[in-house]
Amino acid sequence: RALVPVRPISVGERIKRREDPRLIRGLATYTDDIKLHGMLHAAFVRSDYATGKIERIDLAEARARKGVIAAYTFDDLRGKVGRAPCIARPEPGRDAEHPLLADGFVRYVGQPVAVVIAEDRYIARDAALDVAVDITPGRPVIDLRGALDPTKGKVYADHADNVALAVPAANAAEVEKLFKEADGVVKLELVNQKVAAVSMEPRAVLAHWDEGPQKLTVWSSTQVPHLLKQQLAQCLGISEVRIRAVAPEVGGGFGCKIGVYPEECLLPWISRQLRRPVKWAETRTENLLNTTHGRAHVHEIEAAYRKDGEIVALRGRVLSDVGAYPSFFGAAIATFTPLMMPGCYKLKGLSVEVVCLYTNTMATDAYRGAGRPEAAYTVERVMDAIAVATGLDPVDVRRRNFIPKSAFPFTTASGAVYDSGDYGPTLDKALARFDYAGAKARREQARAQGKLVGIGVATFTEICGLGPSTGASPIQRTGSWESGAVRVEPTGNVIVTTGASPHGQGQETAFAQMAADAFGIDVGDVEVLHGDTDVVTHGVGTFGSRGLVVGGTALHMALEKVKAKAARIAAHLLDAKPEQVTFDGDTFRVAGGERNMTFRKVAEAAHLWNVPVPGEEPGLEAVARFEPTGTTFPFGSHLCEVEVDGDSGEVHILRYVAVDDAGKIVNPLLAEGQRLGGIIQGLGQALCEEIRYDENGQLLTATLMDYAMPKAHMFPRIELDSTCTPTHLNPLGAKGIGELGTIGSTPCLVSAVLDALRPRGVTHIDMPLTPLRVWNALQGAAK
Amino acid sequence: MRLEGRQIVALPIATVWERLNDPRALRACTPGLEKLEARDADHYEAVLEVKLPAITGRFEGTLEYLERTPPGRLRLRLQGKGAIGFVDGEVTMELTGVAEGTNVAYLADVQIGGQISRLGQRMLSGVTREMAGQFFDAFERWRPEAPEQSVA
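The listed protein sequences correspond, in order, to chains D and P. This note's numbering puts the first residue of the first sequence at 3, with every later residue one more than the last. This note's numbering puts the first residue of the second sequence at -19, with every later residue one more than the last.
Chain P with its partners taken away, still in its complex shape (with noise of 0.2 angstroms):
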């Protein structure tokens, strides 16, 4: 599955840039996120649970970063796997400055297998628009400062 996307988000270009790259912000964000734990700088094991209709499930995991180029290039690899099935993909954001904020470009492209790829292809793609709004609403929203938080 093949998701293209941009969002504006109303934030400075060099903020975006950090809190993609912060993984309390992560962790924070996206919803259904229940663990995300540094292996290293660019390693981390993650839990996500995903509710969707009919069926509810969680996925265990990596997230990888394979690529951080100032000021505005990411490239994310995630790999998860559960009773539902399994995510296999990678991300690519690239980020503009614009008048309102910074412009996040998103490709994303990811392989999905089992149970859950056989919900509905409108369905799956309704329902991951839909996390990915939910995640750059609470991005913007989010503060360092604040205690841990869950948009779960």
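Isolated chain D (complex conformation) (with noise of 0.2 angstroms):
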């Protein structure tokens, strides 16, 4: 018997990012760089004022200029469109909706007020600047914990305060006796401030309504065409069969892209009325202005604890600042956050209210993590205020916490159900990598010589892949599913399709290499399509590290189905029974025979089908959707060690360590630079990142001179290890991995720089630590 060479398995393996040449090459097309015959461009006239009332808006000047086609305000709107999409309602007086143009009053700086409409974007441009806008100024509502307070003014003159909705704490009672046995109690009061996402591409939006065959394409750099199509279905009721939408190539979302917004909805109408396509592609600073911010909260939390270390409870408060109006999920993002506390620590107690509050600012929803970074950031600065309050070890007052690998699936204080965890050998690895012992040591050595030297330590889980879809509101018209297909080619190559679109994750790659080992066949030989929603059958999108967990389990699904409909043809091709077939990478085998057919033959007969094989249709293709049945909670530890320039309030990193377990990993490669571009981008929350309005709203950070994104040289090279523990909860194992750098580093960094400033009498500092917060810090401390 001849030995079957043996087929390499490329899951598991470090294969390039297909993606990468053409990004690098500057050969993919971004929606901006998609041009059509008789294209128009959009420009928008924007509040100058937090709030206040439009008296007049005159378009005289802007329509006269010449290449201008148009000019809208909202009174050519009403009644004919509807308002800008949101999934996270917040309950009838409180709730608020977002008119596509400003109607009547203006309640952030930025807001979308009139539209210029122009034969290419710079007339139309200078003819926003010509239209005139009279707005009678109101008192504006900036900061989070002013808004508590409705005396003080308020976002919407018919509501009763700021708040947009309310959680209340539960267990109360239970917790405040868990508080009263306690040994001691910590407080915090902490700000988790307002970050933008500053995706790489802003957002482009391309609309061309076709009069022929009475159809609208939509362009847009979105992570989730899908919604999009539903929504713009609904907003501006046209049926959803006659709505393609598109996302082209698209350079990062971290969440700022998942909402459907008010520009994006409002150029299809406009393209509808021209009989013209339009586009607007946004500047740089209107991106930092008004295109959704991320965090903002404010956490007031007391942590009871024994004197042995062991976390008892936590208690308190969640301010969350969600900006001027309900966004597609802004109020919802908060409630993540109590949900997640508890970290990867096995507390009896947890009594958390949520409450989100209307300002006049631009408002906030997801951002890589959503909730979850807001959660581990207060739960490990809680931690670290235990260890000192008992003078242990931090690191052995989170190791004494953890939730032991016996009591998974476990039920934490807060109700969320952890699938699966181990946290100490994820610690360990990381204390081992990073010589824990050996950096207390030198740490000791360099304080001795009054050098502000610090270690921090973070462990954390988060919560990826949402769902079931039990929850979803009817508004939404899709649930946490997502779809997956497999369309195998005579030849058996293969063309894949999935609703979780990317931006910068990878799944091309991903996806090809799950298609290839499923048949045996080439990489190269998979296509994978995306991003289409005349391509793709229905889909949801890719965010909340759902990509892989959901829509790579929907695409398993679909290649088993293929795989089996493929063994069937073989066994009856081969003259056999299919129990008697088995698979063996990329061959069908008669047991105990010599008969066999690759499965590239099984795809030429099932598609040529000069043999028909009864009970089958012919062609060799399938549609899954995975619908979750839980959530799955990865984790990992990270250590970090810094050195603070006592004089200028540097922080310099001297090491970053991440161990990370997202269970099973398709692309090490894959996951390598998603879990690196999640830490660094922590870390430029943690040292650098604000979004900052002055006390009449006006955006004081609004362009990348203002605005201080993390930078390559700040950092060193960050060392990265896992381990693996699977979940149960999909076929492929995999937790999740887009949000885990985040989640873990912002915390962690925090934590050294503390650990650095505390021989100098520092005990608390918010972030961002820039030089100057931590002067200051050292300053206040001294006197």
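It is worth saying that the hints were derived from the structure and are not from the lab. All values derive from a computational prediction rather than experimental measurement. The beta carbon of each residue, even a glycine, is placed where N, CA and C say it ideally should be. Do not rely on the hints blindly, as some may be mistaken.
Label-pair distances were calculated between CB atoms; the ranges are [said to hold, decoys possible]: (1) P:Arg123 <-> D:Lys785: 35 to 43 angstroms; (2) P:Ile35 <-> D:His654: 49 to 57 angstroms; (3) D:Leu276 <-> P:Ile35: 51 to 59 angstroms; (4) D:Thr337 <-> P:Asp89: 51 to 59 angstroms; (5) P:Thr72 <-> D:Tyr124: 35 to 43 angstroms; (6) P:Ala21 <-> D:Asp122: 43 to 51 angstroms.
According to the in silico footprint, chain D covers these stretches of chain P (three or more CB under 8 angstroms from chain D) [unchecked claim]: (7) -15 to -2; (8) 60 to 66.
Take the two lone chains, each set in its own frame, and fit them into one complex as the hints suggest.
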């Protein structure tokens, strides 16, 4: 019997991203690269005031400018279009709708007031400056804590207060009892500052109403083309079968491109009015001003602990700044925070209230981690505070409170059901790699020399691959499942489609690996299509670390369906019973005989159909949808060493070690890329990023000169390692990885900096840890 | 935005006081000030053209003397609005006679909004400082008898 050549298995291999050559060579097509015949350009006139009544909008001068085709205000839209889509709707009385253009009143700086359409974008922008807008300004509500007091001002005059959503604290009495029994209480008030996603590609939309076939095509830099299509249908009153939404190359999203924005809804309407394609691509300043912001929490938290370092219970309040209107998911984000506040710890009680407040600033929404980094940051600050209060090592305090491996699946104090976890070995691996004992010895030596050296630690978990769909609202039109489809060509080459529309995650590479392995074909013989609602069967999109967990599982299911059909066809052609046929990776074989048929031969036969297979249809393809029955909880342990310059307040990161566990990995190279990017993004929040408004609601950080992004020179080589604790919730065993880095790195760095500053008497600091902040903390402590 | 500074002007305090109260001098010395027309002794209508990197625009508004206390304290309110945003602020000037002439200490507390405020804080404060410098340069050189001139 001849030896069967062993085909290399590609899942688990470090295969380079197939997306990269086109990205690196400038051959990728982003929305703004698309040019259509007769295409017009839009420019928005935006509010200069944070709150105020619109007295007059004069479009005459703009309309008279050469090259201007049209200009619109809300009066032109009234009764013809819906409002900006929102899925996390506050209850009546607290709800607020966001018109596509301001309806007599503005509530944040940058709110679209009018739009000008011209032959090119430069004329459009000049003409936008021609529009005279008279606004009588009011007194804005800018500060989150200030928004608690409605007598100081209200964002909506007809609301009782500024509350958009209030979720009362559960278990208050029970937690009160736990606090009484504890040895001590630590109390923290923490600001998780407002940040911007700053995707490399800002938002862009191109809308084309084709009057002949009565069809609307919208290209948009979105994470969720299928949701966009559904929302446009509802907002514009156009049947969804006449709408095609396309996410071409998308240069990053980080959550800020899940929401369907007013501009995205308005351009299709204008295109239909003018019967010409219309494009808008935001400037970087518009991106910082009017693309949803993230975080913007204040946490008032108390933790009860025992002398031995056990954390018993947490209670307090989460304040969340949702901005001037309810964005797509905005009001829901903060509800993840109490859910994830137990972290990887087996505390007995949790009683945390959530209050989402309106302010006269841009709306907030999902931002890489969306509610979970805020939780991890707070609980890790709490663990450090307990370590200080008890005099125990911060690593020991964490380990002491870990949920033991044997307890999974584990229901936390907040009611989350953790699928699987084994936190000890992950922490051990990080400590060994970091040489924790050696680092502590070096820290003592450095301190003896008067240096401000600190070690930070964060052990954390997060919730990924949200589901099941039982909580989905009808406005959403789709639940939390995802689709995957497989189409086999007569040659045996394969086209895969996924509803998990990527924007930098590398699904094209990872999904090609999965399909190649399923049929024993080369990765290069698999094409992965996505991001086009006319090409891809129904889907949802990529966010919440669901691309592989939910989208990949759907693909896996479709691959299995195709494989099963191929086996039935093979059995017939090999004159065997289906149960006699086995698949060894690329060939179907009849048990106990020499008869066999490669997958490619089966594909050919399935299409040629010259030997019909009774009971089967010709062809080889399948669609599958995966509905998650529960959520996954990946985790990690991060350690970092910093030195703070006591004279300048500058933070230098000396080492950073991250050991993460996201279950089974399809492509370690992609996983590392996700973690590295996430870690740096989280460190950016810890070190320098902050969206700041002045007291009048003017954005002070409207350029990348004022909004500080993390830069490569600020970081050492990030040292990555991993452990693998699969989940039982999907056949891949994958837990999700996109947000992991962001969740661990922010608390880890702050932990290290506080550790460095503590010998000088600094006990508290809020992010971002800019040199000025750190220097001020040192000066304050010296007094 | 708060702007604080001081400038030594090589003129006696009485002359500086006189010129700061003379709309012709303000008109001639303020960069970009296209129009300054009296409504009454304390209220003026003004048009100011501002040229900044990447953005140019005209502000229409008013200039108002809130306080004139000789020999050296002045308080002005400036309000202006245009396509690129709005400005609303108060400027306080304190003059003291020194050996080299007059020390002008100024404090401006200005609200800026709209596109102009989003140019970048460092750029804005740089440009404002430069404009203050241009103003005082021209102010020193200005002669009341000279024909209408402008530094714009």
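Here is what the structure says about each hint:
1. P:Arg123 <-> D:Lys785: 35 to 43 angstroms: violated, 54 angstroms
2. P:Ile35 <-> D:His654: 49 to 57 angstroms: About 38 angstroms separates the Cβ atoms of Ile35 of chain P and His654 of chain D, which means 49 to 57 angstroms is violated.
3. D:Leu276 <-> P:Ile35: 51 to 59 angstroms: violated, 29 angstroms
4. D:Thr337 <-> P:Asp89: 51 to 59 angstroms: With a Cβ separation near 41 angstroms, Thr337 of chain D and Asp89 of chain P fall outside 51 to 59 angstroms, so the hint is violated.
5. P:Thr72 <-> D:Tyr124: 35 to 43 angstroms: holds, 41 angstroms
6. P:Ala21 <-> D:Asp122: 43 to 51 angstroms: holds, 49 angstroms
7. -15 to -2: As far as the region -15 to -2 of chain P goes, the hint is violated, because 0 residues have Cβ atoms under 8 angstroms from chain D.
8. 60 to 66: holds (count 4)
Taken one by one, the earlier hints fail for this structure at numbers 1, 2, 3, 4 and 7, listed in ascending order.
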